[in-house]
Amino acid sequence: MMNETIPAGVYLACGSTDLRKSIDGLAVLVKEGFELDPFSSCLFVFCNRKRDKLKILFWEHNGFWLYYRRLERGKFHWPKGPAGSPVKVSRRQLRWLLDGLPLQQRQAHPEEKARTVL
Numbered sequence: 007m008m009n010e011t012i013p014a015g016v017y018l019a020c021g022s023t024d025l026r027k028s029i030d031g032l033a034v035l036v037k038e039g040f041e042l043d044p045f046s047s048c049l050f051v052f053c054n055r056k057r058d059k060l061k062i063l064f065w066e067h068n069g070f071w072l073y074y075r076r077l078e079r080g081k082f083h084w085p086k087g088p089a090g091s092p093v094k095v096s097r098r099q100l101r102w103l104l105d106g107l108p109l110q111q112r113q114a115h116p117e118e119k120a121r122t123v124l
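Mapping to our numbering: the sequence shown position 25 is 31, numbers consecutive.
Among the hints, erroneous ones may be present.
[What the hints assert, rightly or not] With a straight-line Cα cutoff of 20 Å, these simulated EDC-like cross-link-like pairs (lysine to aspartate or glutamate) come out:
no.	residue 1	residue 2
1	K27	D58
2	K61	D24
3	K27	E38
4	K59	D105
5	K59	E78
6	K94	E38
7	K61	D105
8	K61	E41
9	K86	D58
10	K56	D24
11	K56	E78
[Unchecked claim] Simulated restraints on C-beta separations:
no.	residue 1	residue 2	range
12	Q110	F45	25 to 33 Å
13	D58	R121	38 to 46 Å
14	I29	A120	31 to 39 Å
15	D30	E118	36 to 44 Å
16	K119	S47	16 to 24 Å
17	R121	D30	38 to 46 Å
18	Q110	G21	12 to 20 Å
19	L72	P116	32 to 40 Å
Since the hints were made in silico from the structure, they are not lab data. Note that CB positions come from ideal geometry on N, CA and C, so glycine has one too.
Given these sequences and hints, build the entire structure.
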């Protein structure tokens, strides 16, 4: 499953996306709209107009994963911008977004890189 392969990056499609699109339709958006490779080990995240549904496209080994998330209440804090333009975020920011938080957390501890012990 996705946990075996660590995504190289996370890209959000600004604005809204027609989530009736299947894997092939979303892969075309990534290739032509983002000008990125849908077969890379990145997560590509799309949101509907109401901001209560997400689809995440991910390539692993020999096939695509398509994750779907629907909120029963509330909305995702989705970035605004030119429709379909990609915004690169960290995996941590994606987690915040999935938890119902904005991408920018003023109160969060800063992300630290592990230090090498000599």
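Do the hints match the structure? See the list:
The straight-line distance between the Cα atoms of K27 and D58 is roughly 16 Å, inside the 20 Å bound, and the hint therefore holds. The suggested pairing of K61 with D24 holds, with an alpha-carbon distance near 10 Å, which does not exceed 20 Å. At roughly 15 Å between alpha-carbon atoms, K27 and E38 fall within 20 Å of each other, so this suggested pair holds. Straight-line distance between C-alpha atoms of K59 and D105 comes to about 13 Å, which keeps the hinted pair within the 20 Å bound.
Taking the CA atoms of K59 and E78, the gap is about 9 Å. The hint holds against a cut of 20 Å. Our distance criterion of 20 Å between C-alpha atoms is met by K94 and E38, whose separation comes to about 16 Å. Annotation: proposed proximity of K61 to D105 holds, straight-line Cα distance about 15 Å (limit 20 Å). Restraint check for K61 and E41: the C-alpha separation of about 19 Å stays at or below 20 Å, so the hint holds.
A distance of roughly 15 Å separates the Cα atoms of K86 and D58; the hinted pair therefore holds under the 20 Å criterion. Using a Cα cut-off of 20 Å, the hinted pair K56 and D24 holds, with the two alpha carbons roughly 11 Å apart. Note on K56 and E78: the hinted pairing holds, with a Cα-Cα distance of about 12 Å set against a maximum of 20 Å. Separation of Q110 from F45 is about 30 Å and conforms to the stated range, judged on CB atoms against 25 to 33 Å.
Hint check: D58 to R121, Cβ distance near 41 Å, so the stated range 38 to 46 Å holds. Separation of I29 from A120 is about 35 Å and conforms to the stated range, judged on CB atoms against 31 to 39 Å. Our hint of 36 to 44 Å for D30 and E118 holds, since their Cβ atoms are close to 40 Å apart. Our hint of 16 to 24 Å for K119 and S47 holds, since their Cβ atoms are close to 20 Å apart.
For the hinted restraint 38 to 46 Å between R121 and D30, the CB-CB distance of approximately 44 Å keeps it satisfied. Between Q110 and G21 the beta carbon distance is about 18 Å. The supplied range of 12 to 20 Å therefore holds. In this structure, L72 and P116 meet the distance hint of 32 to 40 Å, their C-beta atoms being roughly 33 Å apart.
Checked against the numbered hints given earlier, the structure satisfies every one of them.
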